[in-house]
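Hey, can you work out the whole structure from these sequences and the hints?
Here the protein sequences line up with chains A and B, keeping their order.
Number 302 marks the last residue of the first sequence (the working numbering); no jumps.
Number 302 marks the last residue of the second sequence (the working numbering); no jumps.
By construction, these hints were calculated from the structure, which means they are not laboratory data.
These numbers were taken from a predicted model, which means no experiment stands behind them.
Where a beta carbon is used, it is the ideal one built from N, C-alpha and C, also for glycine.
Some clues are possibly wrong.
[Claimed, not checked] Below, a list of computed lysine-lysine pairs in the DSSO-like style, where the Cα atoms sit at most 27 Å apart:
hint	chain 1	residue 1	chain 2	residue 2
1	B	K233	B	K286
2	B	K94	A	K(-11)
3	B	K175	B	K104
4	A	K179	A	K241
5	A	K104	B	K(-2)
6	A	K(-13)	B	K44
7	A	K117	B	K104
8	B	K286	A	K44
9	A	K(-13)	B	K286
10	B	K(-11)	A	K44
11	A	K94	B	K(-11)
12	B	K94	A	K(-2)
13	B	K104	B	K192
14	B	K(-13)	A	K(-11)
15	B	K44	A	K(-11)
16	B	K(-13)	A	K94
17	B	K276	A	K94
18	A	K218	A	K189
19	B	K104	B	K(-11)
20	A	K(-2)	B	K44
21	A	K44	B	K(-13)
22	A	K(-2)	B	K(-13)
23	B	K94	A	K(-13)
24	B	K104	A	K(-2)
25	A	K238	A	K223
26	B	K(-11)	A	K117
27	A	K117	B	K233
28	B	K94	B	K44
29	A	K117	B	K191
30	B	K218	B	K179
31	B	K117	A	K44
32	A	K70	A	K175
33	A	K70	B	K70
34	A	K117	B	K276
35	A	K191	A	K276
36	B	K162	B	K117
[To be verified] One-sided excerpt, in silico: chain A residues whose CB lies under 8 Å from chain B:
hint	residue
37	F15
38	K44
39	L46
40	S48
2 protein chains.
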Amino acid sequence: MKIKDLGEFGLIKELTQLLEINDSSVVVGFGDDCSCVNISDQLVLFTSDVQIEGRHFVKALISPQDLGWRVVSVNVSDVVACGGKPRWGFISLAVPPELEFEYIRQVYKGMEEACQYYKMNIIGGNTSSSEKIILDLFLTGITDRFVPRSGAEEGDYILLSGYTGLSRAGMELLQMKKGSYEDFENRLIKAHTKPVARIDIAEKVKKFASSCIDVSDGLAGDLSHILDSSKVKGILFKENLPISSHLKAFCKKYKKDPLEYVLYGGEDYQLLFTVNEEHLLQFDDCFVIGKIEKGSGLFLKEENNIKKIIRKGFEHL
Amino acid sequence: MKIKDLGEFGLIKELTQLLEINDSSVVVGFGDDCSCVNISDQLVLFTSDVQIEGRHFVKALISPQDLGWRVVSVNVSDVVACGGKPRWGFISLAVPPELEFEYIRQVYKGMEEACQYYKMNIIGGNTSSSEKIILDLFLTGITDRFVPRSGAEEGDYILLSGYTGLSRAGMELLQMKKGSYEDFENRLIKAHTKPVARIDIAEKVKKFASSCIDVSDGLAGDLSHILDSSKVKGILFKENLPISSHLKAFCKKYKKDPLEYVLYGGEDYQLLFTVNEEHLLQFDDCFVIGKIEKGSGLFLKEENNIKKIIRKGFEHL
Chain A
-14 MKIKDLGEFG
-4 LIKELTQLLE
6 INDSSVVVGF
16 GDDCSCVNIS
26 DQLVLFTSDV
36 QIEGRHFVKA
46 LISPQDLGWR
56 VVSVNVSDVV
66 ACGGKPRWGF
76 ISLAVPPELE
86 FEYIRQVYKG
96 MEEACQYYKM
106 NIIGGNTSSS
116 EKIILDLFLT
126 GITDRFVPRS
136 GAEEGDYILL
146 SGYTGLSRAG
156 MELLQMKKGS
166 YEDFENRLIK
176 AHTKPVARID
186 IAEKVKKFAS
196 SCIDVSDGLA
206 GDLSHILDSS
216 KVKGILFKEN
226 LPISSHLKAF
236 CKKYKKDPLE
246 YVLYGGEDYQ
256 LLFTVNEEHL
266 LQFDDCFVIG
276 KIEKGSGLFL
286 KEENNIKKII
296 RKGFEHL
Chain B
-14 MKIKDLGEFG
-4 LIKELTQLLE
6 INDSSVVVGF
16 GDDCSCVNIS
26 DQLVLFTSDV
36 QIEGRHFVKA
46 LISPQDLGWR
56 VVSVNVSDVV
66 ACGGKPRWGF
76 ISLAVPPELE
86 FEYIRQVYKG
96 MEEACQYYKM
106 NIIGGNTSSS
116 EKIILDLFLT
126 GITDRFVPRS
136 GAEEGDYILL
146 SGYTGLSRAG
156 MELLQMKKGS
166 YEDFENRLIK
176 AHTKPVARID
186 IAEKVKKFAS
196 SCIDVSDGLA
206 GDLSHILDSS
216 KVKGILFKEN
226 LPISSHLKAF
236 CKKYKKDPLE
246 YVLYGGEDYQ
256 LLFTVNEEHL
266 LQFDDCFVIG
276 KIEKGSGLFL
286 KEENNIKKII
296 RKGFEHL
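Below, the structure is given as structure tokens:
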């Protein structure tokens, strides 16, 4: 069987069964946004996310500084989704020997800018050569409570920290390679090239969320991860799904369905989480988009009409 | 300026200046085999080392199981060189979608075998797709004393934990693609495909070594890192440099100079370290190959003849 026949999630499922964990200090192993170990009573989070030229980015379509910002942000997003503060990064860099050093200097400038914004440090690294540019960041964070994917409970509300679908619209705009873009188009492009991890609400999420994930594969796909891990059913309220004015303008201009972008657009790096009703007031800056019920599966409710949402997340394979 | 004009070590030097570390819990940043942070009074080591198809390995020349073993071992070697015990690994995997899953299953089998041997666990991972197979392992370890490259002092002896040059001879044998190999040739090939990190002497090195590095770039190159970091001069005693019987047989058969392999052959993953005379007895299973003096540079002493060793380490760019 080939890897592509398994798909990304099938591959992950198979691989995690191959490695046995025998260590009582490991609090969380495979299967969440971060792994977690207990070091001298401090919970430490581990994650990594790679940017490979031609797969995760096209060199001509993103500035090296934005690329550096991006690789830090996508990792910070995973740490924040588990209730953590990012602390120490370790960068594994592989570059073609023919590449201009100035390009890498700009990438590092972007990483440094992100480190300052997120109040973390990159403290070590490894370099080697390759045909394509590979930036693999390993990030550790700390927390005093691990917020898992698996904690959603019947009666919890489903919250979203901001708009989704913007990054996908931005990517499509970039791929059009137009000579000039309208203002709203440039904003959508920026949402794709320079996503911002939601560290600003990390503390509240750590304190009050029953489960959390970051939206990297798309709202429907990532919510399904929470539902599957928590063994519950999710109902999204269609009229509550937020559609940004920029995405509306995009969909009008290019005759697209906004719901397709909101539900299935990946790489927005918003936080998607569940909270008990008593904590709802803590999150008046977030969108309440649905509710958790007993059962399984993801559904969309429009007035009195409920239909199952097909799972169509973005797979990286 | 292109990356290749800087070289691996020039690139590292430039890059480390671009990232500022502002965190009092960081004990060691860039420039050693591992970075080190203090988490609740526990010293934690971070390292990473990548295996990229076509750069670090040729798929046809190494079994997937040995490849899995190898990526763990080269990382453990870095942790051990800093006085640490390996604990938690995080694997970042990128594979071509067309690859057979069985290949990756074998790689994981090799990683699991290595984890059991080194008493550590791989506790998380990330997967994505790429044209070439990329295995990037991030490894954390713990220690109660960080053994730096920079601790060598005048009067210390230079010790080596085992033979060098074997891995390079093994790699050259593999590249000959012969139909069959003699027994000593197979042993050299194994030294290349399945190196063993010297975890067996890690505890002693942690307690007694004044400085340490693992031999990944070649004895001369890696010793130069110790000398430069410690701001001292190194004298190697030619008659003390160990040449394995297998390497002797190889050099005889293929008319090669053993010294070339011993001094400049990389990827043996032996430990190269310095100790004060009073601790010399602790290491009767290691080779005493030289001495540290005041000054700078690396020299080879043969009877009363001393000559400077040109620095010709293996650069990965």
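Against the structure, the hints come out as follows:
no.	hint	verdict
1	B:K233 / B:K286	21 Å, holds
2	B:K94 / A:K(-11)	20 Å, holds
3	B:K175 / B:K104	22 Å, holds
4	A:K179 / A:K241	23 Å, holds
5	A:K104 / B:K(-2)	24 Å, holds
6	A:K(-13) / B:K44	17 Å, holds
7	A:K117 / B:K104	34 Å, violated
8	B:K286 / A:K44	51 Å, violated
9	A:K(-13) / B:K286	56 Å, violated
10	B:K(-11) / A:K44	19 Å, holds
11	A:K94 / B:K(-11)	20 Å, holds
12	B:K94 / A:K(-2)	15 Å, holds
13	B:K104 / B:K192	20 Å, holds
14	B:K(-13) / A:K(-11)	36 Å, violated
15	B:K44 / A:K(-11)	19 Å, holds
16	B:K(-13) / A:K94	18 Å, holds
17	B:K276 / A:K94	42 Å, violated
18	A:K218 / A:K189	24 Å, holds
19	B:K104 / B:K(-11)	38 Å, violated
20	A:K(-2) / B:K44	25 Å, holds
21	A:K44 / B:K(-13)	17 Å, holds
22	A:K(-2) / B:K(-13)	41 Å, violated
23	B:K94 / A:K(-13)	18 Å, holds
24	B:K104 / A:K(-2)	24 Å, holds
25	A:K238 / A:K223	22 Å, holds
26	B:K(-11) / A:K117	14 Å, holds
27	A:K117 / B:K233	39 Å, violated
28	B:K94 / B:K44	16 Å, holds
29	A:K117 / B:K191	38 Å, violated
30	B:K218 / B:K179	33 Å, violated
31	B:K117 / A:K44	18 Å, holds
32	A:K70 / A:K175	24 Å, holds
33	A:K70 / B:K70	26 Å, holds
34	A:K117 / B:K276	43 Å, violated
35	A:K191 / A:K276	20 Å, holds
36	B:K162 / B:K117	22 Å, holds
37	F15	6 Å, holds
38	K44	14 Å, violated
39	L46	18 Å, violated
40	S48	16 Å, violated
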